[in-house]
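Using the sequences plus the hints, can you model the full thing?
Under this note's numbering, the first residue of the sequence shown carries the number 100, and numbering increases by one thereafter.
Hints are computed from structural coordinates only; laboratory data are not their basis.
Just so we're clear, the structure is a prediction, and the values are computed from it rather than from any experiment.
Some hints here could point you the wrong way.
Mimicking DSSO-like on lysine-lysine, the simulated pairs with C-alpha atoms at most 27 Å apart in a straight line are [unchecked claim]:
1) K187 - K209
2) K201 - K179
3) K264 - K172
4) K179 - K264
5) K209 - K105
6) K172 - K187
7) K179 - K209
8) K201 - K187
9) K264 - K187
Okay, the calculated beta carbon distance ranges per label pair [claimed, not checked]:
10) A115 - G205: 42 to 50 Å
11) I253 - S122: 12 to 20 Å
12) G107 - E185: 21 to 29 Å
13) E261 - T152: 22 to 30 Å
14) S203 - V286: 42 to 50 Å
15) E260 - T216: 21 to 29 Å
16) E261 - G178: 17 to 25 Å
17) T147 - G290: 23 to 31 Å
Cβ atoms here follow ideal geometry from the backbone N, Cα and C, with glycine treated the same way.
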Amino acid sequence: ISFKIKRGESVAFVGATGAGKSSILSLLARLWDVNSGSITIDGVDIRTMDTDTLRRRLGFVLQDVFLFSGDIKSNITLGKNYSLDEIKNAAERVRADGFIQKLSDGYDTKVEERGSTLSTGERQLLSFARTILRDPEILILDEATASIDTETEILIQEGLEELMKNRTTIAIAHRLSTISDMDRIIVMNRGEI
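Structure, rendered in structure tokens:
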């Protein structure tokens with residue numbers, strides 16, 4: 100297959116299970132390398148990049164959000180050193196601040212393993228805050244809204260719009276509401292476009 104995505108463009112991949120959508124994302128993140136051809140970012144073959152450097156340029160938002168035991172703050176920062184103002188700003192930008200402020204201890208509220216005390220939508224909003232705080236060049240959404248509860252769907256859509264602003268976005272989605280505003284939709288079938 101061959102395709103180009105321009106800087107700042109949003110592109111969605113759709114297709115049946117097994118069509119190759121997730122494989123493209125795995126190749127982009129160098130979970131494995133291409134057997135032939137190449138994947139380039141700004142004209143540079145990603146195989147020549149240090150994997151840590153490459154992955155810092157990518158921001159992944161997945162369907163299943165993994166939250167750690169700890170507090171809300173540490174689940175947004177993932178142990179990196181950010182100020183509380185930076186954390187709050189990230190949460191506000193993706194519409195997560197509202198529910199966080201309603202929690203018993205706000206940003207210091209304890210999180211049970213896997214975030215069992217939070218709704219699916221709240222966990223996803225934390226994932227958005229986590230991603231926007233890192234400010235990646237390329238945003239990768241892999242079924243990011245597939246199992247969102249309806250009460251937070253509007254917040255999720257607003258958060259996604261903010262997350263996608265001024266960055267290249269590659270999305271895999273089944274929900275039309277997630278991809279209807281994309282610049283392009285690429286349909287995959289059995290490993291072909």
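Review point. Regarding the pair K201 and K187, is the alpha-carbon distance no greater than 27 Å?
Key: Holds, at about 14 Å.
**Study point:** Pair hint outcome, K264 versus K187 [Cα-Cα no greater than 27 Å]
**Key:** This hinted pair holds, its Cα atoms lying about 18 Å apart.
Check your understanding: Quick one, are K179 and K209 close enough, alpha carbons at most 27 Å?
Key -> holds (18 Å)
Review point. Could one say that the CB atoms of T147 and G290 fall in the range 23 to 31 Å?
Key: Distance hint for T147, G290 holds at roughly 25 Å.
Review point. Hey, K201 versus K179, does the alpha-carbon distance stay inside 27 Å?
Key: With Cα atoms ~25 Å apart, K201 and K179 stay inside 27 Å; holds.
Review point. Does the Cβ pair E260, T216 satisfy 21 to 29 Å?
Key: Holds, at about 27 Å.
Practice item. Take the C-alpha atoms of K172 and K187, compute the straight-line distance between them, and say whether it is at most 27 Å. Key: The given pair, whose Cα atoms are some 9 Å apart, holds under the 27 Å limit.
**Study point:** Hint consistency between K209 and K105 [alpha-carbon to alpha-carbon, up to 27 Å]
**Key:** Distance ~41 Å between K209 and K105 Cα, so the pair is violated.
Check your understanding: Can the restraint linking K187 and K209 be considered satisfied, given a maximum Cα separation of 27 Å?
Key -> holds (16 Å)
Practice item. For the range 21 to 29 Å, tell me whether the beta carbons of G107 and E185 fit it or not. Key: holds (24 Å)
Review point. Is the Cα-Cα distance between K264 and K172 27 Å or less?
Key: holds (23 Å)
Check your understanding: So the hint says 42 to 50 Å: do the beta-carbon atoms of S203 and V286 match that?
Key -> holds (46 Å)
The structure fails to meet hints 5 and 11 from the earlier list, while all remaining hints are met.
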